Structures are given as structure tokens and as C-alpha cells.
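Construct all of the structure, not just a fragment, from the sequences and the given hints.
Take a look at the letters that make up each chain.
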Amino acid sequence: MFSGAESETLKQRRTQIMSRGLPKQKPIDGVKQVIVVASGKGGVGKSTTAVNLALALSVNDSSKAVGLLDVDVYGPSIPKMMNLKGDPELSQSNLMRPLLNYGIACMSMGFLVEETAPIVWRGLMVMSAIEKLLRQVDWGQLDYLVVDMPPGTGDVQLSVSQNIPISGAVIVSTPQDIALMDAHKGAEMFRKVHVPVLGLVQNMSVFQCPKCKHKTHIFGADGARRLARTLDLDILGDIPLHLNIREASDTGQPIVFSQPESDEAKAYLRIATEVVRRLPPPPE
Amino acid sequence: MEAAAEPGNLAGVRHIILVLSGKGGVGKSTISTELALALRHAGKKGKAVHQCDSGWVPVFVDQEQSISLMSVGFLLEKPDEAVVWRGPKKNALIKQFVSDVAWGQLDYLVVDTPPGTSDEHMAVVDALRPYSPLGALVVTTPQAVSVGDVRRELTFCKKVGLRVIGVVENMSGFVCPHCEECTNIFSRGGGEELARHAGVPFLGSVPLDPELTRSLEEGRDFIQGFPESPAFPALSCIAQKILNEAPVGLS
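Quick note, the sequences are listed as chains A and B, same order. Okay, so the first sequence: first residue is 1 according to full-length UniProt numbering, each after it adds one. Okay, so the second sequence: first residue is 1 according to full-length UniProt numbering, each after it adds one.
Hint data in this document are derived by calculation from the structure and do not stem from the laboratory. Predicted model only: the values in this text are computed from it and were never measured. One thing to keep in mind: the hints can contain errors.
[Stated by the list, open to error] Part of the chain A face toward chain B, derived, beta carbon under 7 Å:
(1) S77
(2) L100
(3) I166
[Stated by the list, open to error] Each computed BS3-like pair below joins lysine-lysine, with the alpha-carbon atoms no more than 27 Å apart:
(4) A:K11 to B:K89
(5) B:K89 to A:K24
(6) A:K85 to B:K159
(7) A:K64 to A:K26
(8) A:K85 to B:K158
(9) A:K64 to A:K132
(10) A:K26 to A:K11
(11) A:K64 to A:K32
(12) A:K64 to A:K85
(13) B:K89 to A:K192
(14) A:K192 to B:K78
(15) A:K132 to B:K159
(16) B:K89 to A:K132
[To be verified] Listed next, the stretches of chain B that the computed footprint assigns to chain A, with coverage defined by at least 3 CB atoms under 8 Å from CB atoms of chain A:
(17) 109-122
(18) 136-147
(19) 165-177
(20) 181-190
(21) 205-218
We put the beta carbon where it would ideally sit given N, CA and C, even for glycine.
Encoded structure:
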């Protein structure tokens, strides 16, 4: 049996040993605040939300410089949604220059590989790719860096959370149970790695028939509100299922840019306001 | 079903079907579930359909013990516990799931996978290779970002020598229950075009169907409960195509 004092030393020693080998958390040069957009579940609209959130942050306050980083290594959607393609140039100091569109600086795995090439990589290789995307990009001075995460709670999420300080996480979910369960896991993962969760976005909340205006809750109704209550989180906003959003994304003209007066775009602008409200004050 | 692990636990399995997609949220799990149910319903008496996602002792989902299920979900202490694992741990679990589950005699094993082309996929393809899987059912939604990701998935299948049974286009159009107007919320035809382009069979389009979503949430048998629903004919047709490919004689 150990005495109280001995077990304390033991505990400290154990923590010391366990933390060896873990990457040190270091901010990205020039980036003031990092906002990650995650979910747990695939296909709920993380990338669509990340893209429109980045644009909305820029629209709400044109003095802010915004960047968009796509760390979905296996299924990078940002290039398509932001209508960007091509090899990033290298700066003088051998850093990759982000590609620009709609005033947003973007970097994605999608720029570094062929469109049809699958990234058949094990976790370890993915970690080093993430490292590159985080540290070897010449972002310049950014007020916000929006990071589009892949689905799940695995290597990529861990690597990102361990490597850089994250100001806040936005969790996207659709109303259905399966998505909410995964969103719950996503939120829990962030709690485990001490990343503040700013709130939930309920995506694909309701569909209104363009012909007869009848509303259908295709993916269930309002489930995200219940989850938010359970997790003691806020709903940052509700985005309806609208043909326009998908069409805009598919053509690489995100709705906040192409239809800024639309209800859908306004929903994103409201979410951006809510996000900024909940962020801690920027450093220095 | 004995809980003891045996070597060659998949020896009694006739046909293995992997359900893949490059993209998340396209409906792999939904299609896997419905396919398992449809195969069971379409089958003659005595056939057994089992759905797997990994595990030791399969859990039977019905009285007749015709569908059993394995999932990492059964191993969690609480349903909302997050599995925050890196690759090696996931690979080890998947290997165990393939070799240490007492499946017994199965007509079909449907394997539901996560999105992407990562550790889990390589691990499951490697582990299942000695059992000559029938092939992969690749699910996509019609929109451009999905088709893009799924194109990569098809390349992955080619790379690892996994035959593609066909492409399923899910969430293909929504018919308003009120006025019957069809809106292509997630576009339409992208999956079919992808199949044509890649030279693989197109198995069918499944429309968006709130009854399907609801029945999944409530854990009900959609195939049995909602034969009138828009998604039903599409799902039955896809199951029939699989059955034609991989017939199982009377046991």
C-alpha cells in the first residue's frame, strides 16, 4: 500500500512519462484564432457550413482576415466548394501559399493530390500530412482560421487538437438520432481534449416544397435542440434544407457569396455572429 | 451460438458484401441495414442474413434468428461514449472482429464501413481477402462533392483488388408528400454518371424518404412495414440484383 505522499509523486511521474512523445501545442504563426467545424457524423454539412461560415465572418466584418483549412484528408470538399484548383506556390521560406477566392485564403489536401486519387493512408502518414497543412502554410496575418474537420473522432481530430490551440469548436448535426448520437461523441471528444465547444448548428432542419410550400422534416424534427439541452450547449443556428445551398456549393459559388440576400445566406450570417460572440477575446 | 472464438470463423459464410463510400453521410449504414432486411425478406425460408460491423458474439435482432449483428457499439459502456482511437487500435479490433466472431452458417455477410479510405478499410479488406468477398457496394449521393469522393473510393477498390458490385445513388430526389412535386435537393444522376464513367454497374437510385428515416430511428423493419413507401421499390430492386449475382440455394 502506498502512502498519500508517495502516490502523489507516482501520479506526477506517470503524467510526465505519459506526456512524453505528445506533440507540444503551438499556435500557428500569424493566426489569431482557430475555429474548428466538426460533427462526428459524415455528410451533415461540415464543409458546407465551414465554407459559408468563413465567408459570413468576412461579410459581417470586412476588416477581419479569414482563412479556411480543409483537413479532411480522405474526402477534401473545400476545393470544389470554393472553386479552387491547383498546386500551391511556395514562398521564399518554402511555405505553401494558400489559394485565394472570395477573399478567403484556403488550403486543402485536395490541392496536393489528383482529383481521382484516393488517399489510402494509415493514421501515421495522415498525422504527418496534417502537420504539413498546419505548419507549412504561409497564412500571413489571419484573424480567424476556420478548420473543416473530417467525420469521426480519430487520428485527424486528435492530431489537430493536440498540435494547435483551438479557440472554439462548432458542431454540426442534422436532426436525426444517428447524427445526434455522433455529434454527442464529437462534443465529448472535444471536452476530452479541452477544446471549448461554442455550440451546435442544426443543419438540414426542414424542407419546404418549392411548389406547394408544404414543409417536411425529412431528417426528423428539432432533435438538435434536445441534444443541445442535454449537453448544456447553445444552438448557434438552424439551416433549412434548400436546393440553393447544394447547387451553390456544387458550382463552387457558396450561397453566402452568390445569394447574400437569401434566407439561407442570412442564416449563416447569424451563425457567424453567434460564433464571434462566444469566442474568447483574441490574443494581444 | 457459442461464444468461443474459432479459427476460420468466416468459413461458413457464403457471400460477403462490403458497403463502401468515399463520402460520409450518404447512407452506407442505411443501405446496409435495408439490404440485410431485404435479402432476408426476399430469401426463401431457412436462409440466414447477417449484418456485421465487428464483434464477438453476434446479437440476433429478431426472434427467428435470421439476422445477427455485430458492432463496436455493443462493446461500449455507454451508447454515447466516444471511441477516440488511432489507427493501430482500430486495426487490431477489426482483425479480431473478422476472425473471432462465431458467425456460424451465413448466406450473406454485409459489412458496413466508415467513410474514407483509411486504416479501417485497409484492415477490413486485408482481413476479408482470404474469404473472397463478393465485392463492394459503393454508395453515393448525387451531388458533386459526394461523387468526387466516391470516385476516389472506386480507385481504391481497383487498387486493392476489390470487385465493385455496383453503385447505389442514395437520397436521389425528394417527392413532396403533399403535392407530389419532385425536388432534387441533392441533385440527381451523379451516381449513375459516375458508374457509367467508371465502367461499373449502376444498381439503382433510392429517393429521400422520411418514412425510411423514421423507421430507422425507431429501429423498425422498413421493408416489412412500409412497402408503399417511395424508397421501397428501389431498395427491393437493388437487393434483387444482389440476389441474382449471388444466389443461395435452398438450405
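Hint check results:
{"no.": "1", "hint": "S77", "verdict": "holds, 4 Å"}
{"no.": "2", "hint": "L100", "verdict": "violated, 20 Å"}
{"no.": "3", "hint": "I166", "verdict": "violated, 15 Å"}
{"no.": "4", "hint": "A:K11 to B:K89", "verdict": "holds, 25 Å"}
{"no.": "5", "hint": "B:K89 to A:K24", "verdict": "holds, 23 Å"}
{"no.": "6", "hint": "A:K85 to B:K159", "verdict": "holds, 25 Å"}
{"no.": "7", "hint": "A:K64 to A:K26", "verdict": "holds, 22 Å"}
{"no.": "8", "hint": "A:K85 to B:K158", "verdict": "holds, 25 Å"}
{"no.": "9", "hint": "A:K64 to A:K132", "verdict": "holds, 25 Å"}
{"no.": "10", "hint": "A:K26 to A:K11", "verdict": "holds, 26 Å"}
{"no.": "11", "hint": "A:K64 to A:K32", "verdict": "holds, 11 Å"}
{"no.": "12", "hint": "A:K64 to A:K85", "verdict": "holds, 24 Å"}
{"no.": "13", "hint": "B:K89 to A:K192", "verdict": "holds, 18 Å"}
{"no.": "14", "hint": "A:K192 to B:K78", "verdict": "holds, 16 Å"}
{"no.": "15", "hint": "A:K132 to B:K159", "verdict": "holds, 26 Å"}
{"no.": "16", "hint": "B:K89 to A:K132", "verdict": "holds, 24 Å"}
{"no.": "17", "hint": "109-122", "verdict": "holds (count 8)"}
{"no.": "18", "hint": "136-147", "verdict": "holds (count 5)"}
{"no.": "19", "hint": "165-177", "verdict": "holds (count 3)"}
{"no.": "20", "hint": "181-190", "verdict": "holds (count 6)"}
{"no.": "21", "hint": "205-218", "verdict": "holds (count 6)"}
When the structure is compared with the earlier hints, violations turn up for hints 2 and 3 and for no others.
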